[in-house]
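**Q** Residue numbers (the working numbering): 22 to 135.
In case anyone wonders, no lab produced these hints; they're calculated from the structure.
Even for Gly, the Cβ is constructed at its ideal location relative to N, Cα and C.
Check the hints yourself; a few may be wrong.
What the hints assert, rightly or not - Per label pair, the in silico range of CB-to-CB distance:
id : residue 1 : residue 2 : range
1  : S70       : R30       : 30 to 38 Å
2  : E48       : T108      : 19 to 27 Å
3  : V69       : Q97       : 18 to 26 Å
4  : L43       : Y88       : 32 to 40 Å
5  : G84       : M41       : 33 to 41 Å
6  : L112      : Q50       : 28 to 36 Å
7  : D62       : R30       : 46 to 54 Å
Said to hold, decoys possible - Straight line, CA to CA, 30 Å or less: simulated DSS-like cross-link-like pairs of lysine-lysine:
id : residue 1 : residue 2
8  : K96       : K45
9  : K73       : K35
10 : K73       : K45
11 : K96       : K73
12 : K35       : K45
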Amino acid sequence: MNYQDMVSRVLSVKFAGLEMGLAKAREQQSFVQHVARTLDDTSWDYRVSMDKDFGVTFCVDTGLVGYKHQYQAIKQALSERFDVDFTVDNLSATLQVSCRRTGYGCRVMFGSAE
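Given the sequences, and given the hints that come with them, work out the whole structure.
**A** Given below as structure tokens:
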């Protein structure tokens, strides 16, 4: 195998990874949009971000009402449509939200983003 063949092989693997990531992004799009609409209905401001592996994180602003009240209200709103589990991520309360039908998931954090 010569140098150009090795370069082609590496590029093929990277391109396949990008294609798989793009397919995941397309498939999870409606789920993420549905979570965003649910959060919109709660009327609290949030930011959304995506990591290099297409993992989506919603970061809900806190401070306008008591944290426990806000957390419970958002958890209840999301639980009506999705599976919701509590976790702690980087010492911050995090809700792991997943679609009952497709298994796609995202995180909802409270306070400042990572």
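**Q** Hint by hint, note whether the structure agrees.
**A** Now the hints, each set against the structure:
S70 and R30 have their C-beta atoms about 33 Å apart, which keeps the hinted 30 to 38 Å range intact. At about 23 Å, the CB distance of E48 to T108 agrees with the hint of 19 to 27 Å. Separated by about 20 Å at the C-beta atoms, V69 and Q97 satisfy the suggested range of 18 to 26 Å. Between L43 and Y88 the CB atoms are about 37 Å apart, so this pair conforms to the stated range of 32 to 40 Å.
Separated by about 39 Å at the C-beta atoms, G84 and M41 satisfy the suggested range of 33 to 41 Å. L112 and Q50 have their C-beta atoms about 30 Å apart, which keeps the hinted 28 to 36 Å range intact. In this structure, D62 and R30 meet the distance hint of 46 to 54 Å, their C-beta atoms being roughly 49 Å apart. Using a Cα cut-off of 30 Å, the hinted pair K96 and K45 holds, with the two alpha carbons roughly 25 Å apart.
Under the criterion of a C-alpha separation no larger than 30 Å, the hint pairing K73 with K35 is consistent with the structure, at around 13 Å. About 12 Å separates the Cα atoms of K73 and K45, which keeps this hinted pair within 30 Å; it holds. Taking the CA atoms of K96 and K73, the gap is about 26 Å. The hint holds against a cut of 30 Å. A threshold of 30 Å between alpha carbons decides the hint, and for K35 with K45 the separation of about 15 Å falls inside it, so the pair holds.
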